[in-house]
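Participant: Take the sequences, apply the hints, and build the full model.
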Amino acid sequence: TQLLEQSPQFLSIQEGENLTVYCNSSSVFSSLQWYRQEPGEGPVLLVTVVTGGEVKKLKRLIFQFGDARKDSSLHITAAQTGDTGLYLCAGRDSGGGADGLTFGKGTHLIIQP
Amino acid sequence: DVKVTQSSRYLVKRTGEKVFLECVQDMDHENMFWYRQDPGLGLRLIYFSYDVKMKEKGDIPEGYSVSREKKERFSLILESASTNQTSMYLCASSRDRVYRWNQPQHFGDGTRLSIL
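Top to bottom, those sequences are chains A and B. By the count of this note's numbering, the first sequence reaches residue 113 at its end, each step adding exactly one. By the count of this note's numbering, the second sequence reaches residue 229 at its end, each step adding exactly one.
Because the hints were derived from the structure by calculation, they are not lab data. Ideal Cβ placement from N, Cα and C applies to all residues, glycine included. Hints are supplied without guarantee of correctness; some may be wrong.
To be verified - If you anchor each label on the Cβ, the simulated ranges turn out as follows:
1. B/Glu-135 - A/Glu-17: 37 to 45 Å
2. B/Leu-154 - A/Gly-82: 26 to 34 Å
3. B/Lys-170 - A/Glu-5: 21 to 29 Å
4. A/Val-44 - B/Glu-175: 27 to 35 Å
5. B/Leu-154 - A/Val-28: 22 to 30 Å
6. B/Asp-172 - A/Gly-53: 24 to 32 Å
7. B/Lys-126 - A/Gly-53: 42 to 50 Å
8. B/Leu-229 - A/Val-55: 43 to 51 Å
9. B/Ile-173 - A/Gly-82: 43 to 51 Å
10. A/Ser-30 - B/Ile-173: 18 to 26 Å
11. B/Gly-129 - A/Lys-59: 44 to 52 Å
Facilitator: Written out as structure tokens, the structure is:
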């Protein structure tokens, strides 16, 4: 089983601050997806990164895929209370392996007003 | 927008009962998935299907079965419910069979199932 380790597990910061969360693995992934899940709802896709070194921006959210395609980061600038949620990374092992999408356990983010 | 609808938001059943969880998607997607989500364990894939009447085991298929008689509907069945199957169950779909693991997955809002 290929693992995606997300850190930190929990993060609580004040509105207006910046933050970065991480998604790391010892395996190479052909692509990586980031989802946000709000309480009582299913995860919603934010972005997919495919190319090593790729950077994608979604308003105040900046996603980066590591050069070796083993890790990814999500940076949020000037966090807002609406950013509160569970952030999940998910990827497909490029080594073939068992068919399936691997999810990290997520980062629980709370933005306090 | 893609809509994935799960039949129940909350469900309470008793040990030993046969439980059916239903999921319907409205965008003619080929792939459908069932996950369970537990604190500290994250999302784990139970079964998936890439075509009508086709099914593939995920990471934790034991104690579950699935049915896909129509393209838009994917059912998860707990043959004889046990307390360790208390969990949040999430259904998802994605568009094409080719490169299905690189495509966005569209999730329903989940069914919180309690087995007493």
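Participant: Next, verify each hint and record whether it holds.
Facilitator: Structure-based check of each hint:
no. : hint                             : in the structure
1   : B/Glu-135 - A/Glu-17: 37 to 45 Å : holds, 42 Å
2   : B/Leu-154 - A/Gly-82: 26 to 34 Å : holds, 27 Å
3   : B/Lys-170 - A/Glu-5: 21 to 29 Å  : holds, 25 Å
4   : A/Val-44 - B/Glu-175: 27 to 35 Å : holds, 29 Å
5   : B/Leu-154 - A/Val-28: 22 to 30 Å : holds, 24 Å
6   : B/Asp-172 - A/Gly-53: 24 to 32 Å : holds, 30 Å
7   : B/Lys-126 - A/Gly-53: 42 to 50 Å : holds, 49 Å
8   : B/Leu-229 - A/Val-55: 43 to 51 Å : holds, 49 Å
9   : B/Ile-173 - A/Gly-82: 43 to 51 Å : violated, 33 Å
10  : A/Ser-30 - B/Ile-173: 18 to 26 Å : holds, 23 Å
11  : B/Gly-129 - A/Lys-59: 44 to 52 Å : holds, 50 Å
In terms of the numbered hints stated before, the structure departs from hint 9 and from no other.
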